[in-house]
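Visitor: Sequence:
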Amino acid sequence: MKTTVLLAIFVAFTTAVGAGTIDHDAVQPFAQPNPVTVSEKAAVKFQPLLFVESGCVPFPAVNSAGETSGGLKGTGGTSGCKEAGATGSQVYGRAVWYKDDWAIMYAWYFPKGFWSRWASRHHDWASIVVWIDNPALETPKMIGISTSEGDNDYRTAGPDDVYETTPRLRRVLAQLFKILGDTQPLIMWEQLTDEARITLNTTDFGKAKVPMSDANFQGKLEKAWPF
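In the working numbering, the protein residues as written are 1 to 227.
Source of the hints: derived by calculation from the structure; they are not laboratory data. Just so you know, nobody snuck in bad clues.
Here are the simulated BS3-like cross-link-like pairs (lysine-lysine), alpha carbons at most 27 Å apart as the crow flies:
#1 Lys207 - Lys223
#2 Lys207 - Lys82
#3 Lys99 - Lys41
#4 Lys73 - Lys207
#5 Lys99 - Lys223
#6 Lys99 - Lys141
#7 Lys41 - Lys223
#8 Lys223 - Lys45
#9 Lys99 - Lys209
#10 Lys82 - Lys209
#11 Lys223 - Lys141
#12 Lys209 - Lys73
#13 Lys223 - Lys209
#14 Lys141 - Lys41
#15 Lys45 - Lys99
#16 Lys141 - Lys45
Taking CB as the label site, the calculated pair distances span:
#17 Lys207 - Lys41: 32 to 38 Å
#18 Ala157 - Thr183: 18 to 24 Å
#19 Glu53 - Pro226: 21 to 27 Å
#20 Lys141 - Trp115: 34 to 40 Å
#21 Thr183 - Val36: 17 to 23 Å
#22 Ala157 - Thr21: 31 to 37 Å
#23 Lys141 - Val36: 19 to 25 Å
#24 Thr183 - Lys223: 24 to 30 Å
#25 Asp23 - Lys207: 17 to 23 Å
#26 Asn201 - Asp23: 21 to 27 Å
The beta-carbon is built from N, C-alpha and C at its ideal position, and this holds for glycine as well.
When you get a sec, could you build the whole thing from the sequences and use the hints?
Guide: Quick look at the structure:
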């Protein structure tokens, strides 16, 4: 009886931690659901356009079963990641009230990271936080933007580099830019499967930390606070 119970606990634990890794170009992205809540509608409304000037394009980090991208070695320039391939790309979102303003984080995963335009490591994440006054208003207003700069810092700016309600980013260090870019299927944190959320909370991506995970989200917002 004790052996059976311990075995059941072990199986449940290993299943919860994650379903393993697969090739970076085999991860199936989540389809973008129709927005239902005011939070989801605001996230779609203010979704950034991403223009990749150098480095990898974004890839899905996790699929619905909780399988994660194995990434790519930090060598060979953009080999293997210049185009997203058949599965497509993904952008992840998470939103919350922070110091009386509504923060919408958008995050992209890249199978390899770059330093000064040179491939340098397995995995990378970039994020932007769009600050608005209130998602429940008929016409929410953008009041600030913060873009990730490296692994730990954010650059803050006013809402100048926007197309209508859309921030425009250049992918070098997630800088704001005046060129129109592309959108990717948006999946919000609460729209992910339980398996995907657990995996994003527990998978080690090396120095590139998942910005919207439970462990990192609040700390990232604190660093991104622009006021």
